[in-house]
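Asker: Sequence:
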Amino acid sequence: MPLPHWIALLLLGLGYTLALIYGSLGVAALPALLALFCCALLARRRVRWQQTLGHLLFIVLAIALALHWLPGFHGARVIDKAVLSEGAVPFSMYLNLDKPLIGLWLLLACPWLVMLRARGLALSLALILPLTLLACLGGAWALGLLAWAPKWPEQAWLWLVNNLLLVSLTEELLFRGYIQGGLQRLFKHEGLALLVAALLFGLAHLGGGWQWFYLATLAGVGYGLAYRHGGLGAAVLCHACVNLAHFALFSYPMLALH
1 MPLPHWIALL LLGLGYTLAL IYGSLGVAAL PALLALFCCA LLARRRVRWQ
51 QTLGHLLFIV LAIALALHWL PGFHGARVID KAVLSEGAVP FSMYLNLDKP
101 LIGLWLLLAC PWLVMLRARG LALSLALILP LTLLACLGGA WALGLLAWAP
151 KWPEQAWLWL VNNLLLVSLT EELLFRGYIQ GGLQRLFKHE GLALLVAALL
201 FGLAHLGGGW QWFYLATLAG VGYGLAYRHG GLGAAVLCHA CVNLAHFALF
251 SYPMLALH
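The sequence shown finishes on residue 258 if you use this note's numbering, and the numbering steps up by one all the way, no holes.
Simulated from the structure, these hints should not be mistaken for laboratory data.
This one's a predicted model, so the numbers in the text were calculated from it and none came from an experiment.
Each residue gets a CB set at the ideal place from its N, CA and C atoms; glycine is no exception.
Certain hints may be false.
Unchecked claim - In silico DMTMM-like cross-links for lysine to aspartate or glutamate, where the CA-CA straight-line distance does not exceed 25 Å:
no., residue 1, residue 2
1, Lys-81, Glu-154
2, Lys-151, Asp-80
3, Lys-151, Glu-86
4, Lys-99, Asp-80
What the hints assert, rightly or not - Just the calculated beta-carbon pair ranges, DEER-fashion:
no., residue 1, residue 2, range
5, Leu-30, Ser-92, 14 to 20 Å
6, Ala-122, Leu-18, 35 to 41 Å
7, Gly-87, Arg-185, 43 to 49 Å
8, Leu-131, Glu-190, 15 to 21 Å
Take these sequences, add in the hints, and give me the full structure.
Answerer: Written as structure tokens, this is what we have:
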């Protein structure tokens with residue numbers, strides 16, 4: 001592996017060792033960590049069936065990590081049922097240790113994910129981001145999920161760091177870099193790859209109801225266009241900015257529906 005990847009692996013090991021010492025990570029999480037490491041080794045092999053097996057096992061583990069099904073991960077609850085704006089449902093936030101492993105695995109096993117297209121970054125932020133904001137937040141307003149509620153509560157900076165590193169970066173590595181980028185490399189069809197990744201992104205939000213599936217799919221199209229023209233950095237920035245506009249300017253996470 002290149003030196004930056006060894007550095008990332010060393011930092012990961014240090015961080016999760018500290019989490020184990022301080023009780024945020026239990027011994028029960030070690031099989032999942034070992035399984036991810038083995039999947040990465042398989043995915044980097046030159047034999048095709050071993051690569052395929054490594055990626056299939058990773059997808060299963062990624063789903064389990066994203067849904068917090070695996071034991072041993074004890075995310076600290078840093079916001080506890082806070083009502084951030086009038087009429088909104090209470091909001092809680094955890095600093096999860098399982099979901100970020102998805103992003104780190106992708107960086108280690110799939111180095112092609114970080115191939116940025118810097119020339120399109122300005123276009124993505126100047127054109128695609130405003131259209132995505134309008135479609136997603138305007139759509140949520142029209143559906144009665146949000147209301148105008150500008151705010152910057154005391155928990156905002158913690159939310160911002162969590163949103164950028166543990167939410168936007170991880171999700172864009174998975175949905176745009178891995179799924180959209182991987183399908184594009186496999187089928188040589190940009191439109192199909194973008195649509196499939198957007199639909200899967202919508203399905204990941206289906207637990208909130210059909211409205212969030214619809215809005216997340218729209219967002220996935222916007223982030224997919226940003227990825228196509230500006231690379232992974234553009235997709236992460238667009239995702240983070242849409243989430244930030246939602247948090248700072250509207251009811252968050254949503255209005256309480258009566």
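Asker: Compare the structure with each hint and give your call.
Answerer: Outcome of the hint check:
1. Lys-81 to Glu-154: 14 Å, holds
2. Lys-151 to Asp-80: 18 Å, holds
3. Lys-151 to Glu-86: Holds. Lys-151 to Glu-86 sits at ~11 Å (cutoff 25 Å).
4. Lys-99 to Asp-80: 20 Å, holds
5. Leu-30 to Ser-92: 14 to 20 Å: Because 27 Å falls outside the window, the suggested range is violated.
6. Ala-122 to Leu-18: 35 to 41 Å: Since the Cβ atoms of Ala-122 and Leu-18 sit about 39 Å apart, the hinted range of 35 to 41 Å holds.
7. Gly-87 to Arg-185: 43 to 49 Å: 45 Å, holds
8. Leu-131 to Glu-190: 15 to 21 Å: 18 Å, holds
When each numbered hint is compared with the structure, a violation occurs for hint 5 only.
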